[in-house]
Amino acid sequence: MKASRTTGLLLALTALMIATVLASIRFGAIDFPLHQMWSSTRAVLAGRTPDTLDGRIFTELRLPRAILCVFVGASLGVGGTLMQALFRNPIVEPGLVGTSSGAAFGASLYFVLGTVLHVEQAAWTLPAAACAGGILSTWMVFALAESGGDRRASIVMLLLTGLAVNALFLSGIGFLSYIARDPQARSIVFWNLGTLSGATWRSVAIVGAVTTLGTLASLVYAKQLNALMIGEEEATYLGVNVRRLKWIVLAINVAIVAVATAFTGVISFVGLIVPHILRMLRGADNRFLIIASAIFGGTLLSLADLIARVALRPAELPIGIVTSVVGVPVFLSLLRRRQYVF
Amino acid sequence: MVQAQNIGFKVGDRYLVSGVNATFAPGQLHLIIGANGAGKSTLVKLLSRLLTPADGRVLYDEQDVARATERDLARRRAVLSQAIEVAFPLSVREVVMMGRYPHFGTRPTVHDVEIVNEVMRFFEVTGMAERSYPTLSGGEKQRVNFARVLAQVWRPVAGHHRVLFLDEPLTFLDIRHQIDFMKKVRETVRAGDMVVIGVVHDLNLAARFADRLLLLSEGRVLAEGTSADVLTPMNIRAAFGIEPIVTTAPGGGTHLIFD
Chain A
1 MKASRTTGLL LALTALMIAT VLASIRFGAI DFPLHQMWSS TRAVLAGRTP DTLDGRIFTE
61 LRLPRAILCV FVGASLGVGG TLMQALFRNP IVEPGLVGTS SGAAFGASLY FVLGTVLHVE
121 QAAWTLPAAA CAGGILSTWM VFALAESGGD RRASIVMLLL TGLAVNALFL SGIGFLSYIA
181 RDPQARSIVF WNLGTLSGAT WRSVAIVGAV TTLGTLASLV YAKQLNALMI GEEEATYLGV
241 NVRRLKWIVL AINVAIVAVA TAFTGVISFV GLIVPHILRM LRGADNRFLI IASAIFGGTL
301 LSLADLIARV ALRPAELPIG IVTSVVGVPV FLSLLRRRQY VF
Chain G
343 MVQAQNIGFK VGDRYLVSGV NATFAPGQLH LIIGANGAGK STLVKLLSRL LTPADGRVLY
403 DEQDVARATE RDLARRRAVL SQAIEVAFPL SVREVVMMGR YPHFGTRPTV HDVEIVNEVM
463 RFFEVTGMAE RSYPTLSGGE KQRVNFARVL AQVWRPVAGH HRVLFLDEPL TFLDIRHQID
523 FMKKVRETVR AGDMVVIGVV HDLNLAARFA DRLLLLSEGR VLAEGTSADV LTPMNIRAAF
583 GIEPIVTTAP GGGTHLIFD
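First to last, the sequence lines map onto chains A and G.
Following my numbering, the numbering of the first sequence begins with 1 at its first residue and continues without gaps.
Following my numbering, the numbering of the second sequence begins with 343 at its first residue and continues without gaps.
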């Protein structure tokens with residue numbers, strides 16, 4: 001009975017995602033009529049390049065952007081769920097604890113130095129640079145926030161340290177953008193506020209593969225993460241190797257978030273809101289939350305991207321502004337709840 | 343049977359527990375008593391393998407517990423600690439089901455669901471099965487956690503004694519719930535194949551419910567035996583630095599009064 005309710009909810013969330021993605025493909029600077037969406041999609045599937053300009057906009061800009069958006073949203077949603085379970089705190093999020101800004105720094109460092117030093121450009125080099133940055137910044141935040149005796153970083157320390165480390169890496173990005181000559185460096189705005197306008201089929205493939213693998217891998221650890229929610233000692237008594245679990249889950253989280261950030265810049269608050277809303281719907285069981293936050297994260301970011309593209313048509317808002325406008329009130333209301341303050 | 347063979351544990355240069363030899367037999371309630379900082383909780387953590395002793399070793403059924411795998415150990419050893427707080431809306435049923443986590447893979451079997459239902463009936467928490475754990479009162483949370491811990495070792499394990507640790511389980515309970523809880527513990531001990539080791543602060547509760555007492559002082563065993571053997575004025579004075587009046591409870595056991 002309970003299992004079927006969960007399945008029903010997952011199906012409903014999937015339907016919502018498909019509807020949002022279709023809307024996001026249809027509307028934008030140019031609206032595509034349904035018949036044109038269909039014929040262009042068929043052309044892509046057949047491996048042909050559409051001959052009209054509209055057709056090419058659709059297959060080379062609109063479609064990869066919409067799909068990248070789903071994967072990036074999924075990675076941020078799953079990343080938020082993993083971090084919150086790992087640190088037993090519902091206000092932790094990849095953007096707040098430095099992962100995203102570190103990843104963005106790693107990626108921009110690669111863009112600037114890679115060209116200067118003539119580093120070979122392979123499919124894995126950019127994601128690897130972003131991961132290295134993400135690991136560095138996340139490690140810095142948690143190492144600095146863990147105060148002496150109490151092994152669990154207090155949330156106040158975590159947020160303040162996150163603030164400081166974020167500022168450090170964002171100013172690093174600012175410096176890199178400032179010294180960079182034009183073509184190799186993206187703009188500061190790109191990294192700080194996030195945008196999906198650079199989407200290509202190549203980025204879709206890389207982010208899609210990493211996000212899918214990361215989500216499947218996290219599902220293996222969902223039960224152990226549940227046990228961790230009642231405490232590290234309790235999880236140990238239930239047979240969980242807590243040290244090992246922490247390292248694995250942190251690695252998965254940094255990988256999926258850093259790779260997504262490498263192609264889109266910092267997009268905050270998605271990882272915070274998504275698990276929060278899902279918990280209100282169906283409780284905190286990670287076996288449900290991980291799958292659902294992948295689906296719902298994709299949905300929410302697609303919606304945000306749609307708003308970013310149509311709000312000031314034909315101009316475009318950075319997506320990070322849209323997610324912040326929605327995310328900040330949710331974050332503040334979470335902070336005000338006594339039960340969440342440790 | 344659980345045995346401590348000359349175990350010691352130190353932080354820096356200071357020994358929190360040293361030279362402890364003790365045997366805990368199944369079918370009896372063993373309670374560890376002692377002043378704050380006497381090493382009670384550390385001893386429980388060493389016996390339950392949360393901590394690894396610096397000296398000596400801990401044996402379960404004559405086998406060194408250090409060699410057991412995490413999962414095997416979790417299937418026959420459960421630990422109830424003090425107040426457990428969760429920041430997330432987990433249902434009471436899911437918290438109790440966690441006790442079965444070491445026993446199943448991805449999904450609970452019919453057998454696991456059955457055990458969870460039985461345990462919830464035993465602790466009278468069936469009515470709150472679908473409630474969210476963070477909304478419960480302190481006493482309710484403790485009952486739910488005891489249900490979870492017992493679900494973990496609810497059925498006998500072939501070839502092994504089950505081991506249950508209770509680390510200061512009464513801390514947040516009022517007097518009625520303390521007595522209820524200790525009665526439940528005594529019922530559990532009667533299963534016969536389970537070693538039950540607890541830590542309590544209230545010496546009179548300890549005297550009333552324990553079959554064997556272990557009195558710790560400064561990390562060492564000061565006395566061991568029945569409550570009449572252990573709760574003597576001399577021992578109490580040495581361990582707690584306070585003078586007791588030892589009398590007899592209406593039921594017949596030892597009762598202490600402090601001036």
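One or more of the hints may lead you astray.
Pairs of lysine-lysine residues, derived as DSSO-like cross-links and limited to a Cα-Cα distance of at most 30 Å, are as follows [stated by the list, open to error]:
1) A/K223 / G/K352
2) G/K526 / G/K483
3) G/K483 / A/K246
4) G/K525 / A/K246
5) G/K525 / G/K483
6) A/K223 / A/K246
The set of hints was computed from the structure by calculation and includes no laboratory data.
Quick caveat: nothing in here was measured; it's all calculated off a predicted structure.
Here is what the structure says about each hint:
For the proposed pair A/K223 and G/K352, the alpha carbon gap of about 34 Å is over 30 Å, so the pair is violated. This hinted pair checks out: G/K526 and G/K483 have alpha carbons roughly 16 Å apart, not beyond 30 Å. Distance check on the hinted pair: G/K483 and A/K246 sit about 26 Å apart at the alpha-carbon level, within 30 Å; holds. A hinted pair counts as satisfied when its Cα atoms are at most 30 Å apart, and G/K525 with A/K246 does not qualify at roughly 38 Å.
A threshold of 30 Å between alpha carbons decides the hint, and for G/K525 with G/K483 the separation of about 18 Å falls inside it, so the pair holds. For the suggested pair A/K223 and A/K246, the alpha carbons sit about 13 Å apart, so the restraint of at most 30 Å is met.
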